[in-house]
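Number of protein chains: 2
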Amino acid sequence: MATEPKKRTSKQPKPAVADLSAVREQIDGIDREIQALIAERALWAHQVGKAKGKLAAAVDYYRPEREAQVLRRVVDRNDGPLSDEVLVRLFREIMSACLAQQEPLKVGYLGPEGTFSQQAVHKHFGHSARGLPLASVEEVFDEVASGTADFGVVPVENSGQGTIQSTLDLFLTSPLKICGEVELRVHQYLLSRTGRIEDVERVYSHGLSLAQCRSWLRQHLPGAEKQAVASNAEAARRARNADDAAAIAGENAAHVYGLKVVAGPIEDRDDNTTRFLVIGRASFPPSGHDRTSLMVFIRDQPGALYKILEPLARRDISMNRIESRPAHGALWQYAFFIDVAGHVDESPLKDALGEIDEFAGDVRVLGSYPVAVP
Amino acid sequence: MATEPKKRTSKQPKPAVADLSAVREQIDGIDREIQALIAERALWAHQVGKAKGKLAAAVDYYRPEREAQVLRRVVDRNDGPLSDEVLVRLFREIMSACLAQQEPLKVGYLGPEGTFSQQAVHKHFGHSARGLPLASVEEVFDEVASGTADFGVVPVENSGQGTIQSTLDLFLTSPLKICGEVELRVHQYLLSRTGRIEDVERVYSHGLSLAQCRSWLRQHLPGAEKQAVASNAEAARRARNADDAAAIAGENAAHVYGLKVVAGPIEDRDDNTTRFLVIGRASFPPSGHDRTSLMVFIRDQPGALYKILEPLARRDISMNRIESRPAHGALWQYAFFIDVAGHVDESPLKDALGEIDEFAGDVRVLGSYPVAVP
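So the sequences go chain by chain: A and B.
Each residue of the first sequence is one higher than the one before, counting from 21 in this note's numbering.
Each residue of the second sequence is one higher than the one before, counting from 21 in this note's numbering.
A pair counts as met if it fits within one copy or between any two copies, since identical chains are not told apart.
Restricting the straight-line Cα-Cα distance to at most 20 angstroms, the calculated cross-link-like pairs of lysine to any residue (SDA-like) are: (1) K280 to G167; (2) K72 to Q46; (3) K280 to E159; (4) K280 to A155; (5) K280 to D162; (6) K280 to R150.
I should point out that these hints are in silico values taken from the structure, not numbers from a laboratory.
Generate the whole structure from the sequences, applying the supplied hints.
Okay, structure coming up:
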């Protein structure tokens with residue numbers, strides 16, 4: 021080894037240009053060390069499993085709060101040259117491999133293989149977890165509840181299309197807990213039958229998707245007619261019927277509807293994301309940077325929601341999201357899904373929840389979980 | 021750090037069971053070291069790029085033979101606890117991240133996202149390469165030839181269904197070189213409308229898929245009628261029409277045809293694989309364990325093939341595969357695709373090829389490339 025570990029930061033002068041074989045020798049030495057460290061890490065992880073019980077399956081010692089802490093530390097001490105995102109991915113995979121030594125985690129998702137949901141499973145649990153493709157989001161809830169799957173990953177909102185109400189509604193009747201969130205970037209493509217931009221005179225898409233690509237459309241298809249339709253799938257179906265039409269949709273639609281990719285990704289902002297929730301049967305301790313999802317039921321009385329929110333507001337607990345849903349219960353008439361900052365086991369959220377007027381409503385904690393690490 | 025790097029092998033006594041926080045501290049220390057080493061590795065890789073030219077894109081310094089050597093070394097020195105396959109995957113990702121620091125590799129494949137081809141791209145090039153989903157295998161060839169993609173990944177044979185002739189035929193007219201191979205395990209599932217094994221009285225599938233699952237069928241469905249059909253997709257289509265029918269097909273077919281997974285994976289041998297070729301514009305030096313794909317054109321004359329093969333056979337050069345195709349040329353009437361052990365730049369293959377009788381036929385080297393690392 022040419023350098024000491026403690027000198028290994030990008031702040032030291034970069035290695036001088038050497039001949040290729042000398043550089044490769046350096047890299048070989050580094051690889052040997054990395055491999056030895058990964059093996060040692062796996063042995064220690066194995067010890068954690070043994071400490072939890074002789075034949076502990078991964079689900080018994082998987083700790084989302086601990087993984088989030090490890091990844092945040094990776095980001096904190098990163099000073100290049102690799103990006104935070106790349107390093108987080110590498111460490112997710114290393115942790116995933118160490119965890120899967122006995123029985124890997126089984127994670128249910130909305131199949132088939134190849135969906136964004138599967139990508140979310142891999143992003144959050146690494147490729148050593150075993151994904152179980154299921155036919156519906158309901159089935160994901162069922163298989164986790166029955167123990168066939170250790171965890172489930174379900175889509176809950178898209179920065180373009182908003183909240184996926186049907187997923188949220190499953191929490192109304194499910195005892196499962198939210199124990200994580202995953203954010204995944206998604207992309208828009210311009211698709212058409214001919215694949216040639218000069219043929220395009222009309223562009224179909226969901227209104228939100230058209231809005232997401234407005235600048236691109238103005239720049240590249242200023243003369244084309246934009247027509248909002250019910251869904252991106254409907255747009256792709258229409259584009260299939262005419263040579264002068266195009267659809268904005270996910271790349272996947274090109275295959276399903278036999279269209280060609282004209283251009284893409286074409287969304288104006290590259291932060292177009294879908295958010296997934298990780299569901300499981302247990303609650304986990306704080307990670308230091310957590311979010312809590314609450315389901316709040318209230319009577320139809322003036323000021324009920326205000327009374328629920330007041331103890332949160334007074335403590336400056338920030339609220340990321342609030343969605344109202346009909347509750348269909350005898351006592352409570354409205355349900356609200358509310359995401360707030362913090363963990364239920366920690367102040368100030370713990371205090372605020374303890375103070376909520378039980379006559380105003382009923383608060384169920386769906387879960388406290390680490391805020392997604394990029 | 022509790023231990024010295026040189027002691028880090030699984031041959032030393034495993035760390036004793038300690039309390040959880042002490043183990044986590046150990047792991048945190050290891051992670052810090054791994055991260056520093058990965059950063060240093062990335063800096064050295066950056067130097068390789070610079071040595072090749074000031075603004076070298078990844079394609080300019082990507083060396084498949086070097087990657088294969090690194091991965092073989094990883095396998096050679098692995099003595100647990102993680103499997104070779106897991107370690108190879110981790111090191112692929114580390115190399116991929118180091119390579120993608122400037123401009124990542126662009127790799128074309130048969131889209132859409134989510135296909136086995138995309139999995140093959142990720143397996144071979146890691147997740148830091150940029151995959152380009154394309155509409156056809158022809159388009160993959162075109163985009164690599166034009167330079168839009170740096171490399172392409174195309175399916176060439178399945179251990180169940182045999183060679184994909186249409187892919188091989190593209191080499192008849194393409195100047196592209198084979199510079200790698202990827203092997204991907206694929207799985208078979210039993211699918212039906214009800215999802216209940218007790219309902220199944222008939223099983224449809226392609227004959228080869230039925231054969232692949234023979235033991236499983238004998239054990240679990242001894243009384244069911246087995247019926248071979250043209251394809252697994254056709255089998256799924258038939259299974260959709262009756263409650264007492266099932267299909268053996270890929271898991272993906274469950275979603276496409278609205279079927280439920282009864283059981284799977286159910287193939288008798290877990291080595292059911294699809295083989296992909298990596299195509300590019302350049303040839304690469306030997307990696308030490310290589311394979312060479314040849315396209316041999318011969319006249320329709322007795323003994324022509326024998327004359328071509330003799331110099332190979334005399335040198336004990338093993339042949340993995342031979343496929344004949346009509347050549348449609350004026351001079352040569354038959355084409356054979358032949359895979360042999362070794363690299364064209366090394367003896368004995370180099371000598372054998374130099375000796376082949378030019379009157380017997382014409383030999384084109386499609387490429388010499390590292391044998392796939394698991």
